[in-house]
Amino acid sequence: MISSVLPSNYSPFNTFLFFSLFLVDVTSFHGEGAFASSTSSFTINATDNKDEAKALLNWKSTLDNHSQSLLSSWHGNNPCNFIGVTCFDHGAVTHLNLSNLGLRGTLDGLDFSHITNVVSLDLGNNSIYGLIPLSVGNLSKLNSLHLCGNELSEDIPPSIGMLESLHSLSLCANNLTGHIPSEIGWLNSLLELDFSRNALTGSIPASLGNLSSLINLYLWKNQLSGPIPTSLGRLGNLIEFCISHNNFSGSIPIEISNLRNLKILYLWQNGLSGPIPSEFGRLASLVELSLAENDLVGPIPLSLQNLSNLKILNLYSNHLSGSIPAWIGSLANLTLLGLGDNKFVGSLPFEFNRLTYLVKLDLYDNELEGELPEDVCLGRSLQYFSVFNNHFKGPIPTSLENCSTLLRLRLEGNQLTGNITEAFGVYPHLNYVDLSHNHLTGELSWKWEGCHNLTSLTISNNSISGEIPAIFGRMAKLQRLDLSLNNLGGEIPRELGNLSLLLELNLSNNALMGILPTEIGLLSHLTYLNLASNNLSGSIMVQLGSCQNLLRLNLSRNKFQRSIPFELGNAQFLEVLDLSHNMLTENIPGELRKLRKLEVLNISHNNLYGSIAHVFGDMSALTSIDVSYNDLEGPLPNVKAFIEAPFEAIQHNKGLCGNVVGLPKCNSSVSEKSICIRHINTRIIIVLIFSLLGFLFLSSTLTVLVIINHRQRRIIKRENNERANDLDFMRILSYDGKIFYDRIVEATRGFDSKYYVGEGAYGIVYKAKISEDQMVAVRQISSSREDGKIVDLIPFEREIQALRNIRHRNIVKFYGFCSHAQRCFLVYDYMERGSLRTILNDDERAIEFQWDKRVNVVRGVVDALSYMHHECSPPLIHRDLTSNNILLNSDYEAHVSDFGTARLLRPDSSNRTAIAGTIGYIAPELAYSIVPIEKCDVYSFGVIALEIIMGKHPGYHISRECSSSTQSESPIMLKDVLDHRLSPSRLCLRDAQNVVLIAKLAFTCLQADPWLRPTMGRVSRQLCVQKTKLFSFDAL
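Numbered according to mature numbering (1 follows the signal peptide of the UniProt record, and there is no 0), the sequence shown spans residues -28 to -1, 1 to 1008.
To be clear, the hints were calculated from the coordinates, so they are not data collected in a lab.
Take every hint as true, because none was put in to throw you off.
Taking CB as the label site, the calculated pair distances span:
1. Glu346 - Ser221: 37 to 45 Å
2. Ser221 - Gln40: 43 to 51 Å
3. Lys637 - Thr673: 46 to 54 Å
4. Asp714 - Gly927: 40 to 48 Å
5. Ser791 - Val968: 43 to 51 Å
6. Ala593 - Ser472: 27 to 35 Å
7. Gly666 - Lys637: 35 to 43 Å
8. Asp981 - Gln822: 34 to 42 Å
Quick caveat: nothing in here was measured; it's all calculated off a predicted structure.
The beta carbon of each residue, even a glycine, is placed where N, CA and C say it ideally should be.
Work out the full structure: start from the sequences and follow the hints.
Rendered as structure tokens:
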């Protein structure tokens, strides 16, 4: 560079003279005259105008072909017509703005000596590479130089210091190296200096303190080092001072406190040490202060309470100590407070509750204790809340329940308590949650499904109980689910197989049982699966071999049986495999040799047998193995993991040998080949002996078998009949279908009319007594072809589809079905009291149907519909809900039935369908729409609710209450329409309150606009709320 040829004792004047001579020489080299005159009243002749055009066209020719095509307007002798070029009236080029065009080339071909009238030069956000030419110093009139966002490299030329008129100098986001030239300190008119995002080294020149007009100084994200110059304290006009992400060291100079106009001070991610200067309290205009990621020590200075305009205070990742001062609560404008990763102790001051504008609060990795601030989200603006790895106790702040703005929530590693079911709400924007390592209780709520943007949910190491909700399978964006180390029971929901983006699934250390759903094996993106320490049984599903991205698989400490599936060998990226402490048997499949990346293998404490040398002999990546407590035999594989394995990792096997202390040496008598030959000979002898014994036994028993054959058949037939008589209908599908069919036909005497119960919308219902204490209801659907007329079997199939996978106490229990050439029928639990309509139409039975029973029936219907709409995946709508389809058992408990028109609402389907339903119960919008939604069932429920409290179909009252045309009619009192068959004196205070609430909810459900009707979930919640105000019967 030029600076290297300057004498060591040069003065500023000598340097100026040097660059003047240099630039004259440069312009002479290009055949032009000296610098352009600075006189304002000059004229540009045509020749000068052509020279500017020539200089620009010459530079264009050095760019790549694509860039030249972008400058297609650059032709001719008038540069003022070129794209990106602006001229004064006299024709001189004054502005050159080619930013964001995608140009690629160097600046070497641009002759700056021919465009000396340029005032602003902007080539930002292109692909300009190479050096910044020294001749840029020719642009003596330049006010703005913007070369950000390119690929420029090497040193910043000192000649830039000659641009005395420069107001803005931006060289950010390039690959510039070397030191910042001290000549930059000559630019007395400079307002903005941006050298950020380069690879500059060395220290900040003290001469930058001479830039008295400077407003913005950006040197962040370089490799600058040394102390921060105290001379920068002279930049009295500075507003933004950003030198973060460098290697500055030493203490923060107190001279910075002289910058009274400073609004933004970023010194984060350096190596600064010592305390925070108390003099910073003088920076009254400061809005953003970030001193994070340094080595600062001591407490937070009291003087910072004077920074009343502060919105951002970042002090995280230092070594600050002491307690968090109460005066922080007086910084009412704070939106971001980062105090994490320090050594703060004590409780949070109560004044924290005053920070109602917080968007981000970080207190993680300290030694804080006490309770979290109750009103942390009182201002409904909190998005990031991180307090992990402290000693906080007590409940979750109540303001978090309705904090719908949350994006990330991290409370892990504390001692928080409370019921997780009640503490959290629905967060539409939330994407990350970690509540692990606390003392939370309760069950997993359906509300988490409402967090549609959730990608990570971790609630491990708490005391959560209950089952994993099936609706978790709807969290489509979930990538990580960790519910380990809790008290969860039940089975793993197969719906988790719908989480197509899932990367990590950890359900270990719970009490889960049952078989592993095959749907889990369809999670193609899964990299981590840990189901260890549960009570899972059955065989290991072969579908796990389809998880091509699986890196870690842990199924240890369960009750898995049978063999290791050979398909696991297809998980070619597997690094850790732990199948220990199960009941696995048979040989280790040879296909596992394809797991060439496997590093850790644990198959101990099983019943595996056979040789292992042929399986693991080529698995050189193995570093840790444990095959102990099996029946393995033969030589150990000749790989490092087995050779260096401790004896504890191979002990308690049948006949392993090798060069490991505690094992016998492998020799000719016990070699694998000899063992194989010996086993073959032994098997031959055993086969011969058993063949002979078998022949003798067969010949001696043949006669006996012929004699008892007939008796045996009669015994089998009798046993089958006995078993059919004692059928457990909870498992009826696992029995022989013919026995099931014959037993139903026998119990109904071929569907004799004396067993007739009634008719539903899609078939005739009979009752059948299966055993002394078991009665079932059988709905017969006519044969598929009867009297030459084809019968629609779609309702039959829909009812099976709807009922076989749902379980709810208020939905009729489905036992099984039979599809026969002559008859098709479905079997349900028998409801002794029949349908709701039957009871209401019978005066004697209606009088027995008292108010408390009617209220409970309404609750039962609500619970069933809420389950169908909100807990089934996908949601299930009934579409034909009537009082005839509400069945009551002996305790007047409601059960929804007749799902022949039910429909699953699938998100990937249009859900269009033919109109279904019963007149008087069908929603009005189905008259003009064929797309059913849950609100159709809500309307039908409203009709049924009124029917229950009125004792008859509401009919006229529906249209009267829902139509705007009847507003002029006199209102009808609720007491005038209640079922007159029940004495008002028997309506107790609690039942009166419930009846009023049911009536209100019913009319809300009957609104003509379906979107104004409440969801069944909301109706269910309102019915569960205990009213504080008691209603007297006179109020009715």
